[in-house]
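In order, the protein sequences belong to chains A and B. Mind the numbering: the first sequence is residues 0 to 680 in numbering that gives the first Met the number 0, read in order. Mind the numbering: the second sequence is residues 0 to 680 in numbering that gives the first Met the number 0, read in order.
There could be a bad hint or two in this list.
One copy or any two copies: either way a pair holds, since identical chains are not told apart in the list.
[Said to hold, decoys possible] In silico DSS-like links for lysine-lysine, alpha-carbon gap of 25 Å or less:
#1 K452 with K224
#2 K135 with K173
#3 K495 with K153
#4 K450 with K275
#5 K201 with K525
For the record, the hints were derived by calculation from the structure and aren't laboratory data. Bear in mind the structure is a predicted one, so any value in this text is a computation, not a measurement.
Number of protein chains: 2
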Amino acid sequence: MLGTAVNVQAMVFGNMGDDCATGVAFTRDPSTGENKFFGEFLKNAQGEDVVAGIRTPQEITTESSVKWAKSVGISEKKRKTEYPSLEELMPKVYDKLYKIQKKLENHYKDMQDLEFTIQSGKLFILQTRTGKRTAKAAVKIAVDMVHEDLIDKKTAIKRIYPSQLDQLLHPSFKPDDKKRAKNEDKFLAKGLPASPGAAVGKVVFNAEDAVAAKEKNEPTILVRKETSPEDISGMNAARGILTQLGGMTSHAAVVARGMGKCCVAGCGEITISGEKTFIANGITIKKGDFISLDGSTGEVFKGKISTEPPTFPEDFNMLMSWCDDFARLGVHANADNPKDAQIAKDFGVTGIGLCRTEHMFFKEDRIEYVRGMILADNSKEREYPLSELKKVQTKDFKGIFEVMQGYAVTIRLLDPPLHEFLPHQDDIQEIKKLSKKFKKSVHDVKNKINKLKEFNPMLGHRGCRLGITFPDIYKMQVEAIIEAACYLKKKDIDVKPEIMIPLISDVSEFDNIEEMTRKIADKIIKENDVDLKYKVGTMIEIPRACLVADEIAKKAEFFSFGTNDLTQMGFGFSRDDSGTFLKKYVEMGLLESDPFQSLDQKGIGQLIKIAVEKGRSVNKNLTIGICGEHGGDPSSIEFCHKQGLNYVSCSPFRVPIARLSAALAAIKDIASTQEDSTPVE
Amino acid sequence: MLGTAVNVQAMVFGNMGDDCATGVAFTRDPSTGENKFFGEFLKNAQGEDVVAGIRTPQEITTESSVKWAKSVGISEKKRKTEYPSLEELMPKVYDKLYKIQKKLENHYKDMQDLEFTIQSGKLFILQTRTGKRTAKAAVKIAVDMVHEDLIDKKTAIKRIYPSQLDQLLHPSFKPDDKKRAKNEDKFLAKGLPASPGAAVGKVVFNAEDAVAAKEKNEPTILVRKETSPEDISGMNAARGILTQLGGMTSHAAVVARGMGKCCVAGCGEITISGEKTFIANGITIKKGDFISLDGSTGEVFKGKISTEPPTFPEDFNMLMSWCDDFARLGVHANADNPKDAQIAKDFGVTGIGLCRTEHMFFKEDRIEYVRGMILADNSKEREYPLSELKKVQTKDFKGIFEVMQGYAVTIRLLDPPLHEFLPHQDDIQEIKKLSKKFKKSVHDVKNKINKLKEFNPMLGHRGCRLGITFPDIYKMQVEAIIEAACYLKKKDIDVKPEIMIPLISDVSEFDNIEEMTRKIADKIIKENDVDLKYKVGTMIEIPRACLVADEIAKKAEFFSFGTNDLTQMGFGFSRDDSGTFLKKYVEMGLLESDPFQSLDQKGIGQLIKIAVEKGRSVNKNLTIGICGEHGGDPSSIEFCHKQGLNYVSCSPFRVPIARLSAALAAIKDIASTQEDSTPVE
C-alpha cells in the first residue's frame, strides 16, 4: 500500500543580517547573449523582496555594477559604499557562485537562470533552469556554445524559435514606452498581426494623402476599410497600414508583408466614418492624429510610442548557413521587382519562387497601358498598349534575372481579374482620361468597367482563364520573359526562367497555354541563337487540380502550391471576407488556428498529399514548391518537408524564418528516423 | 489475297407507269405512338420525288386519307378520284405491305420506318430501320409493346431518352412557326438553355414592370443583366426570363427551373442599355416589344411564335412506376413551399431532399422581419423580428410536412449571406422605412448594409458560419421546424423532419450546431409529449468536408451533396461569373460540358467518392443523397447510382427525368454485372 510522502526540508534565510543576501543570476547576458556572468541581489532579504521590486537590487559582478552606476549618474565612491557588487561585498561567496554557475552551464549545456540565497555567509542554490532570452541573445549563445564545443550545430539550431526571429528583422516598440501607453489608456483596438514591426505616424485615410505626406517627409499610417491595388502607392509611402476588414492574407496583409511593412488588418473594433475620422474604444481619431501600430501583436494605440531598430546579430549569418547544411527544403522568395529580389538574395534565398507580374502593372508608368489593353475591343486595338507594356515588362525581367543570376526565377503569368486594374466606376476624371487616350467614348469605358464586375471575382475570369480567352496578354508576357532572358544570356549571364501558369483546374487548360508558350519561346530562342533553357509549370491552387495532378504532371515541369487560393477554395473561405467569422472560430476553439496563417494539414494538407503523390507517380523528377503565404510559416514548412517538396517560397522578410524552419524540420525528421531504427540496431 | 468485291443489284423503278409507286411507311404513328400502320406514297415516282416535296404524297391507309381530306377541305368524292389511298388504289399490294410491316415490327420488336417501291404492281422493300418518334409516341409505343408481349419492361424503359421527357413537361414552339421565324430573320441571339419550355411576351427590364403587367394579364419576358433575390416577384410574374450574364446554375437559372419557368441565361450576345432597350444581332428591342424564348435550346426570337401545350401521355405514369421497380436510387425533390411540394408529390417523389428556408424569407410578409433581424445589434433587439418570422416559418413547415406526410422532409437551415436580404444601399425609400420600423437611424441602416458587403459572398459569411456567429437565427428555425412537426404529430400525421446544416467545412462546426439543435428539439418534443423522430445531417458542399467526411459522419445522420457549391469551389468557378469563359471552354473543347449542368465525374466526382467512402467507413448506414442541380441530370444520376447514393433530389419538373435516369442506371448496372459474370458461369 502506498502512503503520502512528506518532504521535510530546512529553510534558508537571506534576511538574518548583513552577511545574508538573496538573488537571481544568469550564466550569460539574457538580453545580448554575451558570455558574461550576470545577475542581481539584495542584501539581508528574501526572494520575495527581489520579486516585489520595492528595493533596488545591486549587481552581482563589479563590471556591471560600474556600468550601472555610470548609466544612472552615481559616483564610483557612492557606488562602492552604497551599492557594492556581490563580488566586492562577499568575494568568497562570489567566487563560489561563479564556479557553480559555470559548472551548471557546463552540465546543462545551456544558459542557466538560477536563484540563490546566502545565509550567514553560506551560499545555497535554490533553483536552476534554462534561462529565457531575447532573439538576439538566443542566436549569439547558440553560436558561441558551438564554438566553445559545448553543443553541436544541430542543437544550436534547435535552440532558436522561428517565431523569435521576427524580432530581429523588424523595428519594435520599446517595452517600457509601450507599457506607459497602456497605463495611460492609449489602447485603441486590436486587429490581426498581419505584418510584423512597429510603426508610428499621422492618420491618413487615402493613398493620395499618404503620398503627399511622404513628399513632406511626414510619417503616416494609412487607415482604410480595406486596400485594393490602387492603394499600393499609398501603402508604399506610409509607415504602416491599418485596415478594418480582411484577414491575414487580405490584400493589405499580403502586400504589406511583401514590403516588410508593419500592418494591422481586419481590425473590426475600429469604425471609419468617411475619410475624416475613425472611432475605437470610444475615442475619436481624426485625420492627422498620431497613432502607433504593433504589427507583431495587432495592437493599435493613440499617440506616439518610441521604437527601437532591428538588431542583426553578427552570428546570424553563421547560424543560417548551418541551417542550410541540414535543410532538405530550399528557400525561395516571392519578389516582383529587382529591389525585392536583391533583399531576398541578401537574406540568402536560392531562387525566386513567385514573381507576380501584375504587381508591376500598377506602377504609374504602366497602369494606363494596362487599362488600354483591357479597353481594347480586338487584337488590333490591343497591339499598341501591349507593345508599350512589353517594353517595361522586359526591362523588369532583365533586372530580376540579373540580380538572381544562377538561380531559378519563377514568373507567374497574369493572374487577377481584369477589373482590378480599372478605375472605380465613379472616378469620372480617370475615365475621361482613358476615353481620350484610347479613343473610346466615356460611355464605352464605363460599360467596360461595369461588364467586368463580378459577383465572386476570386472564382471568376482570372488566371489561365484570361490567358485562354485573351491570348494576346499571355503572348506578350512570354515574349518579354524570353527576350529578357536571351538578352542576358548573350552577355553570358546565367538565367533560369520558369514560366508558371496560374489557376489551372484541368490539364486541357495547361496544354493550351503550354503549347502557345513553347511555340513563342522556342522561336525567340532560335532567332537569338542562344542556348537558353526554360521551364513551363503551373500553380496548383484549385482543389480539382490536385485531384487530376497526374494528368497535369505529364507535361508540367514543376508544380507550385498556391496555398492561399487552395485554402480559400478548399475551405470555401474568402480571405478578404472571413475576418467576420474566422476570428470567432479560433476564439471558440472551432479551429486551432487561422488556416490562412498556418496550413490546415488535416484537410488542405490532404489535397497537397494527393497532388504530390499523383504528380510524382507520372513524373518522378517533378519539382514541387509552395508559394502561398504558408511558405513562411514554420509548422507549414515542416509539413512541406514531410511531403517531400523541393522548396518553399515566401516574402523576403520571412526568408530567415523559413531557412531555420526548414532546418528544424530536417533535424526533427532525422531524430525520428533514428528513434524508429533504435530497436533494430 | 483479298480482292475487291462488287455487288451487282437490279434497280427497281417506281416511275414506270401508273402501276408503279414509291413511299415511306411507319409501323406505328411516330407522332402519337398509336398502333396504326401509317405512311405516304407517290404514284409513278422514285424515292427522290418523295424527298424533294414537289408533289403532294398520298396516304397509304384509307383511314388516314379520309382524315387528311377532311382537314384540308377536300370532298370525299374528289379524294377518292384524285388522292386515293394505296389501300384503295392497289389493295393487293397494300395487303402485302401491311403483312410485311407487321412481320418486320414483330421481328425487330420496335416501331419500323420503311421505304418501299412498287414496280409494275410488284412490291419491293428497300429499307427498314427503327423509326424516330416524339417523346409522347416513345412512351406510348414502349408501354403498348409491353402489353402486347413484344418487349419486357426493362426494354421499354431503355427505349426512352431522359432528355426527351422535357418535351412532355413543358410547352414548346410549334415547329413550323419556329421555322417561319427563322426564315424571316427573327433570330436574335442564343444563350444557355437554362430552364426548358417556350415563352412569348413583352419585354420588361425590371421586376416591378413584370408584376404590373401581370396584374393587367399581359404576358412579359423579364430581361435582366442578371437576377437577384429581389427579382423573384418579377420572375414569378413573367412568362420567361432572359439574362445577359450567369451560367446554368446562376440565380436566374436555378430559380426558373424551380418554378418550372422558361429561362435563357448567360446570353452574352445581347447588350442591355439602361432599362429601355437591348440590342442583339444588330436589332434593337424596346421595352414592350414581343420576343419569344426557347428555354430548351437557348434561342431568342423577335416577335411571337405559336406554342403548343405539354402533352402528358396516359401511359406515362405506368412507365414511371416500372422505373421505380428497377431504380435503386430514390428520387426526392427540392421544394420550398407546400405548393411546390404538392407538384413534386404529383410527379411521384418519395421525399423532399432540399427545402431552402431562405426562399421563404423573400415573401412580402416576412422580408421586413428578416431585415429587422439583420439590423438588430444584439439578441434583445433580435427577439421581436425573430418571433414574427417564427410564426410564418412554422406555418410554412406545417404545410410542407402535411403534404409530404409519411416521407422525409430535409430542411436546410439558413444558407445565404445576410446582405442578400437587405435593400440596395441606394434604395433610400426602403432604408427609411426600415429605419422607422426598427428604430435605427438611416445612417446606421446604411452602415449595416455597407458592413455586410463582401468581396466574394459565395465564400463569405453564410451557412453554418451564420449559425455559429448568430445562433439566434438557427435556434428560431429549429424551433419552428420541431414545433410544426409536433403539432402535426399530435394530429396523428406522420412527419419525418430532417434538419440539414449547410456549408460545413470542419466537424467542429457540425458538432456545435448539432448540439444546439438537439437540445432545442428534444426539449420541445418532451414538452409536447409526442414520439417524434428527427434527423440531423449536413450538406457536403465544401471540398474540405469531403476530405474529413469520416469525422463528420460520426455524428451526422445523413449527407447531402450540394454539388453546385462543390463544383464552384472544386473548380474555382463562380457560377454567376463563369459565363464569360465557360462557354468558350466548351466551344474550344477544353471541357466536355458545362460542369454546372453535368457533374464533372473525373474531378469533383473524386471528392464525392472520397466522402462516400470516408463517411460510410465510420457509419455504414449513413443516408447519402445529392441535392445540387445535378440531381436532375441523367449522366450525373448514373454516377450517383454507381457511387451507391441513396437518393437524388431535383427540381419538381425534373422528377420524371430523374426517375427514368435512376432506372436506366440500375438496368445498365445489372447488364454489366451479367456480362461480367458470363465467363465464370
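How do K201 and K525 come out at 25 Å by Cα distance, when the copy is not named: within, between, both, or neither?
neither (56 Å within a copy, 61 Å between copies)
Up to 25 Å CA-CA - K153 versus K495, copy category
neither (33 Å within a copy, 63 Å between copies)
Can you give me the call for K135 and K173, within, between, both or neither, at a CA distance of at most 25 Å?
within (15 Å within a copy, 84 Å between copies)
From the Cα coordinates, with 25 Å as the cut-off, is the pair K450 and K275 best called within, between, both, or neither?
between (32 Å within a copy, 18 Å between copies)
Tell me, please, which holds for K452 and K224 at an alpha-carbon limit of 25 Å: within, between, both or neither?
Classified as both; 20 Å inside a copy, 12 Å across copies.
This entry does not satisfy hints 3 and 5, going by the numbered hints stated previously.
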